[in-house]
Amino acid sequence: GAGVSQTPSNKVTEKGKYVELRCDPISGHTALYWYRQSLGQGPEFLIYFQGTGAADDSGLPNDRFFAVRPEGSVSTLKIQRTERGDSAVYLCASSSGQGTYNEQFFGPGTRLTVL
Amino acid sequence: AQSVTQPDIHITVSEGASLELRCNYSYGATPYLFWYVQSPGQGLQLLLKYFSGDTLVQGIKGFEAEFKRSQSSFNLRKPSVHWSDAAEYFCAVGYSGGGADGLTFGKGTHLIIQP
Numbered sequence: 074g075a076g077v078s079q080t081p082s083n084k085v086t087e088k089g090k091y092v093e094l095r096c097d098p099i100s101g102h103t104a105l106y107w108y109r110q111s112l113g114q115g116p117e118f119l120i121y122f123q124g125t126g127a128a129d130d131s132g133l134p135n136d137r138f139f140a141v142r143p144e145g146s147v148s149t150l151k152i153q154r155t156e157r158g159d160s161a162v163y164l165c166a167s168s169s170g171q172g173t174y175n176e177q178f179f180g181p182g183t184r185l186t187v188l
Numbered sequence: 056a057q058s059v060t061q062p063d064i065h066i067t068v069s070e071g072a073s074l075e076l077r078c079n080y081s082y083g084a085t086p087y088l089f090w091y092v093q094s095p096g097q098g099l100q101l102l103l104k105y106f107s108g109d110t111l112v113q114g115i116k117g118f119e120a121e122f123k124r125s126q127s128s129f130n131l132r133k134p135s136v137h138w139s140d141a142a143e144y145f146c147a148v149g150y151s152g153g154g155a156d157g158l159t160f161g162k163g164t165h166l167i168i169q170p
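Protein sequences appear in the order of chains W and L.
Numbering of the first sequence is given in our numbering, commencing with residue 74 and proceeding in unit increments.
Numbering of the second sequence is given in our numbering, commencing with residue 56 and proceeding in unit increments.
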C-alpha cells in the first residue's frame, strides 16, 4: 500500500516568506508527527497530532511555526517569516495509534532552503 | 529530559566484517528504544525496537541490538555487513509513559562499507 507522502519534495524560498509543507499519512493512521532534520543531525520532534488535535506541540521552536490537521488525515506545517536557520529537511511520520510502541512510518521529507 | 548519544559520527567497515554501532541514552525510566536506517533519498526505516522482555532483539536485514540497562546502552550489531548496508543509522528513544509520543533521536552514525 501507499506510504507517507510529502509535498513538495523540495522548496526554495526567500527569507521572510511564508511556506506550507504538506503531509499525507498512511490511510487509517490516526497519529501524525512532524520532525525537522538539520544537516548532520538526527530528526528533531516538532509536533504530534492524535486525530485532528495537536496532542503535543512542545517541539515547535517558536510561534512562526504552526501545523494543522483539520480532518484528521492530511496535515500542513506552516512557517511564517522564514529565516535562513529554518533550512532543513522536514519529515512527517504516521502511526496507527497513540503511544511510541506503535511504529512510526516516515515519509521522504521536504527539503526546505531559505535563501 | 531524555537524550541519545551516538559517539561515532562515521564508521568504516569492510564488506563481510562484523559491525557494532554504539548508542547510549539518558532517560528517567525504562525507555522504548529504536534503531532506524536512512539511505540516500529514502525515508527513515525502522530496523528494530525494544520495549520490554528479552534484552536481545532481532530486526530486519539481519540486524540485532542488545539493551543493557546497567550501561544505558542499546548497541546495534550485524555479524556480516553487505555493501547495501551503507547508510545513516539513528538510535532513538521514546517515552514509555504515554502522552508524549515524539521520539528523541541521536545525531546518527554514517556507515561506510569498504569493498
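A couple of the hints might just be wrong.
As the list claims (entries may be wrong) - Simulated pairs of lysine to aspartate or glutamate, EDC-like, Cα-Cα distance not exceeding 20 Å:
1) Lys104(L) <-> Glu93(W)
2) Lys123(L) <-> Asp140(L)
3) Lys104(L) <-> Glu75(L)
4) Lys104(L) <-> Glu70(L)
5) Lys88(W) <-> Asp129(W)
6) Lys162(L) <-> Glu93(W)
7) Lys123(L) <-> Asp109(L)
8) Lys151(W) <-> Glu176(W)
9) Lys116(L) <-> Asp159(W)
10) Lys162(L) <-> Glu117(W)
11) Lys90(W) <-> Asp129(W)
12) Lys90(W) <-> Glu176(W)
13) Lys104(L) <-> Glu156(W)
14) Lys162(L) <-> Glu70(L)
15) Lys84(W) <-> Glu176(W)
As the list claims (entries may be wrong) - Between beta-carbon pairs, the in silico distance windows are:
16) Ala56(L) <-> Arg184(W): 44 to 54 Å
17) Thr86(W) <-> Asp109(L): 40 to 50 Å
18) Ala72(L) <-> Gln171(W): 20 to 30 Å
These are computed hints drawn from the structure, not numbers from a lab.
Using N, Cα and C, we set each Cβ at its ideal position, and we do this for glycine too.
So, going through the hints one by one against the coordinates:
1. At most 20 Å may separate the alpha-carbon atoms for a hinted pair to count; Lys104(L) and Glu93(W) exceed this at roughly 33 Å.
2. This hinted pair does not check out: Lys123(L) and Asp140(L) have alpha carbons roughly 24 Å apart, beyond 20 Å.
3. A distance of roughly 16 Å separates the Cα atoms of Lys104(L) and Glu75(L); the hinted pair therefore holds under the 20 Å criterion.
4. Our distance criterion of 20 Å between C-alpha atoms is broken by Lys104(L) and Glu70(L), whose separation comes to about 25 Å.
5. Simply put, Lys88(W) and Asp129(W) have alpha-carbon atoms about 28 Å apart, too far for the 20 Å limit, and the pair is violated.
6. A hinted pair counts as satisfied when its Cα atoms are at most 20 Å apart, and Lys162(L) with Glu93(W) does not qualify at roughly 26 Å.
7. The suggested pairing of Lys123(L) with Asp109(L) holds, with an alpha-carbon distance near 11 Å, which does not exceed 20 Å.
8. Proposed proximity of Lys151(W) and Glu176(W) is contradicted: the alpha carbons are some 25 Å apart, above 20 Å.
9. The hinted pair formed by Lys116(L) and Asp159(W) fails the criterion: a straight-line CA distance of about 35 Å is larger than 20 Å.
10. As the CA atoms of Lys162(L) and Glu117(W) are separated by approximately 10 Å, the hinted pair is consistent with the 20 Å bound.
11. The straight-line distance between the Cα atoms of Lys90(W) and Asp129(W) is roughly 26 Å, outside the 20 Å bound, and the hint therefore fails.
12. Only pairs whose Cα atoms come within 20 Å are accepted, and Lys90(W) paired with Glu176(W) is rejected, the gap being roughly 35 Å.
13. Under the criterion of a C-alpha separation no larger than 20 Å, the hint pairing Lys104(L) with Glu156(W) is inconsistent with the structure, at around 36 Å.
14. A distance of roughly 24 Å separates the Cα atoms of Lys162(L) and Glu70(L); the hinted pair therefore is violated under the 20 Å criterion.
15. Restraint check for Lys84(W) and Glu176(W): the C-alpha separation of about 28 Å exceeds 20 Å, so the hint is violated.
16. Under the hint 44 to 54 Å, the C-beta atoms of Ala56(L) and Arg184(W), about 28 Å apart, miss the expected range.
17. Our hint of 40 to 50 Å for Thr86(W) and Asp109(L) holds, since their Cβ atoms are close to 48 Å apart.
18. The beta-carbon spacing between Ala72(L) and Gln171(W), approximately 41 Å, falls outside the hinted interval of 20 to 30 Å.
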